[in-house]
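**Q** Chain Z is already provided as a structure; the job is to place chains G, F and E on it using the hints.
Sequences listed follow chains Z, G, F and E, in order.
Once you know that position 235 of the first sequence is 235 in the working numbering, the rest is easy, because the numbers rise by one and skip nothing.
Once you know that position 26 of the second sequence is 26 in the working numbering, the rest is easy, because the numbers rise by one and skip nothing.
Once you know that position 210 of the third sequence is 210 in the working numbering, the rest is easy, because the numbers rise by one and skip nothing.
Once you know that position 229 of the fourth sequence is 229 in the working numbering, the rest is easy, because the numbers rise by one and skip nothing.
Please keep in mind that the hints were generated in silico from the structure rather than gathered at the bench.
Remember, predicted model here, so these are calculated numbers, not experimental data.
One should not assume that every hint holds.
Said to hold, decoys possible - Partial pick of chain E residues on the chain G-facing surface, computed with a CB cut under 10 Å:
{"id": "1", "residue": "Leu59"}
{"id": "2", "residue": "Leu61"}
{"id": "3", "residue": "Pro65"}
{"id": "4", "residue": "Pro66"}
{"id": "5", "residue": "Val82"}
{"id": "6", "residue": "Ser85"}
{"id": "7", "residue": "Leu89"}
{"id": "8", "residue": "Ile92"}
{"id": "9", "residue": "Lys95"}
{"id": "10", "residue": "Gln105"}
{"id": "11", "residue": "Ser106"}
{"id": "12", "residue": "Val111"}
{"id": "13", "residue": "Ser161"}
{"id": "14", "residue": "Gly162"}
{"id": "15", "residue": "Ser173"}
{"id": "16", "residue": "Gln210"}
What the hints assert, rightly or not - Label-pair distances were calculated between CB atoms; the ranges are:
{"id": "17", "chain 1": "E", "residue 1": "Ser85", "chain 2": "G", "residue 2": "Ser212", "range": "28 to 36 Å"}
{"id": "18", "chain 1": "G", "residue 1": "Leu169", "chain 2": "F", "residue 2": "Phe65", "range": "29 to 37 Å"}
{"id": "19", "chain 1": "G", "residue 1": "Thr311", "chain 2": "Z", "residue 2": "Leu84", "range": "44 to 52 Å"}
{"id": "20", "chain 1": "G", "residue 1": "Ser259", "chain 2": "F", "residue 2": "Asn24", "range": "37 to 45 Å"}
{"id": "21", "chain 1": "G", "residue 1": "Leu169", "chain 2": "F", "residue 2": "Ser281", "range": "43 to 51 Å"}
{"id": "22", "chain 1": "F", "residue 1": "Ser281", "chain 2": "G", "residue 2": "Glu77", "range": "43 to 51 Å"}
{"id": "23", "chain 1": "F", "residue 1": "Ile97", "chain 2": "G", "residue 2": "Lys137", "range": "36 to 44 Å"}
What the hints assert, rightly or not - The following residues of chain E were derived to be distant from chain G, with all beta-carbon distances above 12 Å:
{"id": "24", "residue": "Glu120"}
{"id": "25", "residue": "Arg272"}
{"id": "26", "residue": "Gln315"}
No residue lacks a Cβ here, since even glycine has one placed at the ideal position from N, Cα and C.
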Amino acid sequence: MMSHELLDVRDLKKYYPVTAGFLSRHIGDIKAVDGVSFHVREHEILGLVGESGCGKSTLGRTILRLEEPTSGEVLHRGTDIAKLGKRELRELRKEMQIILQDPDASLDPRMTVGDSICEPLTIHNIGDEKERTERVAELMEQVGLEAAQATHHPHEFSGGQKQRVGIARALAINPKLIIADEPVSALDVSIQAQILNLMMDIQQEFGLAYLFIAHDLSVIKHMAHRVAVMYLGKIAELASKPELFQNPLHPYTEALLSAVPSVKPKGKERILLHGDVPSPLNPPPGCHFHPRCHRVLPSCSRKEPELAEISQGHFVACHLCDAGDL
Amino acid sequence: MGKSWLRAYILKRLLYAVIIAWGILTVTFVLVRVGPSSPADRYLANMTASGQDVSQIVEAIEARYGLDKPMHEQYIEYMGNLFQGKLGWSFSNSMPVIDLIKTHWIYSFQLILLSSIFAALLGVVVGIYSAVKQYTKTDYIATFFSFVGISLPNFWLGVMLILVFSVKLGLFKTYYDTGLPLFSLDNLKALVLPVMTLGTGMLAGYVRYTRSAMLDNLRKGFVTTARAKGLPERTVIGKHVFRNALLPLVTIVMFDLGSIVFGGAYLTEIVFGIPGLGQISFNAIFANDYPVVVAVTLIGTSIVLLVNLVTDVAYTYLDPRIRYD
Amino acid sequence: MTRRLRDIARKVGRPLYVNRRLVNYYWERTRRNKLAVVGLAFILFLILLGAVGPFFTLDPTLVDFEQKNLPPVGFTTLKSVYDIETDELATSEVRGIWTHPLGTDSKGRDMLAMIVSGARVSLLVGLIASGIAIVLGTIVGVLSAYLGGWADNVMMRFTDIMMTFPFFLLLVLIVFIFGPRLVFIVLAIGLTGWTGTARLVRSESLSLRTREFVMAARAMGASDGRIIFRHLVPNVVSLIIVIATLSIPGVILAEAALSFIGLGDPTVASWGIILEAGQHSLDTAWWVAVEPGIMLFLTVLAFNFLGDGLRDAFDPKSNI
Amino acid sequence: MNAMSNVILKITNLKTHFFTRRGVVKAVDGVDFELRRGECLCLVGESGCGKTVTALSILGLIDSPPGRIVDGEVRYDNLDLVKCSARQLRQIRGKEIAMVFQEAQSALNPVLTVGDQIIEQMKIHLPMEHREARNRALSLLEEMGVPSVERVMSSYPHQLSGGMKQRALIAMSLTCDPQILIADEPTTAVDVTIKAQILDIFRDLKAKRQMSLVFITHDLAVVAEIGDRAVVIYGGKNIESAPVSEIIGSPKHPYTAGLIGCLPDISQTTDRLASIPGNTPSPIDLPQGCSFHPRCSKVMEVCSQREPAQIAISQEHQVSCHLNQ
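Chain Z on its own, in the form it takes in the complex:
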């Protein structure tokens, strides 16, 4: 059972304290990630979807310990990342990599792209000079770049090419899990398709697992095997892709699905949510979603729903499901 669970996140929290006043009193927390649990299996793509400010990027970064978690566990093949020392953490970095959203900002403008791709090899002391150069050339060709471009600087590349460099860099040390934080949202449509295809190919070729973070449900639907929907720091629903898209149980998922524009517009009536996502500093009591919910129950504003397994592998945090009133 444990063997094929690559990553197991348990009740992970990341709070940012907020201070104010003369003596910088602590007046509250921004609960960016507020008790999230899920796992990622080997060779699996878990899609994580949510609107801006829901905490999905913070979650990705906290898992990699680029942000220190406030509490909770992140188990990588059974070892808790949150408790690792500096040296062990560095070793673990070989297993997990990240691809960031903005291809422009994620490359050091003063380094050649070859040096950027090579950097993980240098850091972990893999191979000698010649082997590294060969590896960089190989990686560049794998992601569809010419090896001769290794001596160029990022400003000489287009957005799509820069994202390819980012992917090559993430692949350099053969990680098993890649956290992709909105890897295509900054790209044009035709380039987006190229990068998505590339990421698919690489996943299959190297047997990778992805935690694929995006705000675009169409992209998630195309990429993911299972999908988790986040709202205000919590997981609202998590299920396999076919299950989630055909049988969404959380009203938020339902609304989200109906809101996505499509080239083949459904005849179905659209569920229009009113209002904006509330501030994570001061979320509504009870179920965070209840002020915008079209199926709100009286209990929703009082009690926070727990994430519960409704059917095999389908988790929902909603009072409608507690009541069995689907």
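**A** Just chains G, F and E now, kept in the frame of chain Z:
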């Protein structure tokens, strides 16, 4: 949408200002007191000339002003007096420091005030015009001259102005006449060269800052929105762009003020022989007259700290996005 | 700790000058600004002048009262000579001669020689003092940004105090106390002038620290030393070059201003010292005040042109 | 129905070039389309294709220098907007033709209240008292589905969420009852649920106000949801224009087809996305012949030599591609 946090912020800043001022005073005090001579030396020189017994008199003077005590005691005593608002006694001028400052501050003030007004008004207008007409001949000329202006050493400019307008053309006196009544045309005329000396650099700076602040905002989305609404260009520039350019401008103008009081204004006073605070503190340093040096430093520092605080508070009204914690 | 940092620096810090492609790229961008190129050319000329000029000029300390107050070539001036025989003051016209192309001062010293040796002094003062200031400022800035917490707080509060201090007054105090020696002047300017650099470098480093490429490096397992020397420092280098270029003229002016008020090193003929002397003989020999001032002005202007051009060239947002 | 008489805005062979140091950027290089009364026309294309510059050119909002409309005609109501005087244009902007910009965050002036910015326009174009203008602003905001309108009016942009700002911008554009509304990517910077709300507002504008809309977007799914007709732009030219159902159902240009194939869609499952190889061309050196030919899967010899002419497949469907000639 009140600014209730503002009071706490101002309090915090005032407290902080007092600490900084105290730090600066301490450093100044120590620096002046470790200097090569004692304030009594000045008396000493006079006494030796008249053939009196020197050592006794020095002792007497030092005892009279507490200069024979260890330095930390002098420091404590001085700070104690300062706390009660006593600025001390000027040895070299033989008068209370407070009176000395009272008679001289106006000379610095009128110079700085007139120069600032001249530089700010003209600088902002030229800067805006230059930005709006970017890449035209007018802009290039304005930019070039602003470079020239910031590169001119102002003390040298003062000397050159005297050379041309006073020595060669004889239009002005070579020295500032302190005998003139404050609000008179003659006084204004006497200040023309000093204001040009101090104001040119400031003016050039303002042209540059205004131009770049305007350019930073001239291509922003809200400017296109304003034009798309059909607003006349005057409103677009004056209301939408300038309001946004004002913030960085205010910062720099205020920041400059601090360095001008004891930099440019100081040198200008020396070139034209204007007996302002700069001149006094300069003479006091040479005379080891530490109460004057410390007092003038205190005034300068307080002005800078106060101006900074006022600027920061003004920000919150100029830019609603700013909020301090 | 320091040895380890130095090791890392040697291994990973590849200075900009090794990176030919990038240097070429920035040079191309700088070259488009004509004023910057003119500025650079003048600075190079000045360096050459300071380095080899003194070998070709007369001795700047040579006093010759026979030749005092000679105007520059092409100018004439009136000179009053006391005639013993008639017991009257006779006014005669004096013409500039090629032996002293820029004229002489009131002691008959050659102005050209003084200007040339002054160039050497002024440049050295500018380079060394701003070098000290920039190194100090960069260390404080980078450390402050990277360490954060109380260390950042202490360093920044100290910087605040230094910045609030009336700079020129402080300078005058220090130079007066330690005596007007060039070494002290340079040290005083260097040790008090680092605050602006520290602030700028700190805020730049802070914003770099949150940039995604630094996060990516951390995700790869890069050590603190690697992030500082391989990612932060190379990215603030351009800022530092710009600050340096723009602070050198400030330093040169500060030294000149000190000399002007009588706190210059009297043993070294800097432009400020010549200017100070010239100020008192405006009616008899105006050129003594004019010439060093023009040099001072042109030098400052050249550095300002170059600095402005470099800033644009390094700014990725500027479209030049 | 006579289609021609119904045309409210007609753009013919519009060319807007930017003259930069690096060369001539042909951002818009021959765009033709017409907008009919009461329809929603979508301009579709990827970043840098020239769709935003087209929109700005209509109202003469191109920054000049470096930009200039070098050729073409924008006919509105017997007027050629390209040849209009600045004064005439100002009277049309905001009053007859209004615009909504992509990023509400940058399209609103950060230092002015939202209310001030909405009212400003009415005071210029309409004979309206402040009070009347204010009431109109309030009712428009309400119509946009803004809760607590009074509060929003007195807020500064940074105090509002992205969706609120976008609504305020739309309300602002409607204040003078314009004939035409040009919306430049109004849904790109907002979240999915907000995007659905904004699209709903646009649908309402068309249905209730019979507004003629030019809707600029890169998202074909949005086009399918809201558009009546669509114009696909690539390399500064329109390459295909047709009713939306035809564009999506039977695209004739390989680029249009590719763009649809690229799009992961929520309503269908594909194993692999079709993709267009290569990068979007830089408008500074567009490929010879058909600017799409280096990326085209059906490229022929002629494509690199000659630019394809625009031909009509049917009365409503035009395409510029050698395949169809």
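**Q** Now tell me, hint by hint, if it's right for this structure.
**A** Outcome of the hint check:
1. Leu59: holds, 6 Å
2. Leu61: Given a least distance of 6 Å, the restraint on E:Leu61 holds.
3. Pro65: Holds, because the Cβ-Cβ distance from E:Pro65 to chain G comes to roughly 6 Å (cut-off 10 Å).
4. Pro66: E:Pro66 check passes; min Cβ-Cβ to chain G is 9 Å, inside 10 Å.
5. Val82: This interface hint is violated because 16 Å lies over the 10 Å limit.
6. Ser85: violated, 13 Å
7. Leu89: It holds, given that the least Cβ distance between E:Leu89 and chain G is near 8 Å, below 10 Å.
8. Ile92: The hint holds - E:Ile92 has a Cβ within 10 Å of chain G, the shortest such distance being about 7 Å.
9. Lys95: Check passed: Cβ of E:Lys95 comes within 6 Å of chain G, closer than 10 Å.
10. Gln105: With a minimum Cβ separation of about 8 Å from chain G (threshold 10 Å), the hint on E:Gln105 holds.
11. Ser106: holds, 3 Å
12. Val111: holds, 5 Å
13. Ser161: At about 15 Å, which exceeds the 10 Å cut-off, the nearest Cβ of chain G leaves the hint on E:Ser161 violated.
14. Gly162: violated, 14 Å
15. Ser173: Where the cut-off is 10 Å and the nearest Cβ of chain G is about 8 Å from E:Ser173, the hint holds.
16. Gln210: violated, 22 Å
17. E:Ser85 - G:Ser212: 28 to 36 Å: holds, 32 Å
18. G:Leu169 - F:Phe65: 29 to 37 Å: At 31 Å between Cβs, range holds.
19. G:Thr311 - Z:Leu84: 44 to 52 Å: holds, 47 Å
20. G:Ser259 - F:Asn24: 37 to 45 Å: holds, 38 Å
21. G:Leu169 - F:Ser281: 43 to 51 Å: At roughly 18 Å between Cβ atoms, F:Ser281 and G:Leu169 fall outside 43 to 51 Å, so the hint is violated.
22. F:Ser281 - G:Glu77: 43 to 51 Å: holds, 47 Å
23. F:Ile97 - G:Lys137: 36 to 44 Å: Roughly 42 Å apart at Cβ, these two residues keep to the hinted range, so it holds.
24. Glu120: The claim is violated: E:Glu120 sits with its nearest Cβ about 7 Å from chain G, within 12 Å.
25. Arg272: Answer for E:Arg272: holds, closest chain G Cβ roughly 38 Å.
26. Gln315: Answer for E:Gln315: holds, closest chain G Cβ roughly 33 Å.
Hints 5, 6, 13, 14, 16, 21 and 24 from the earlier list are contradicted by this structure; the remaining hints agree with it.
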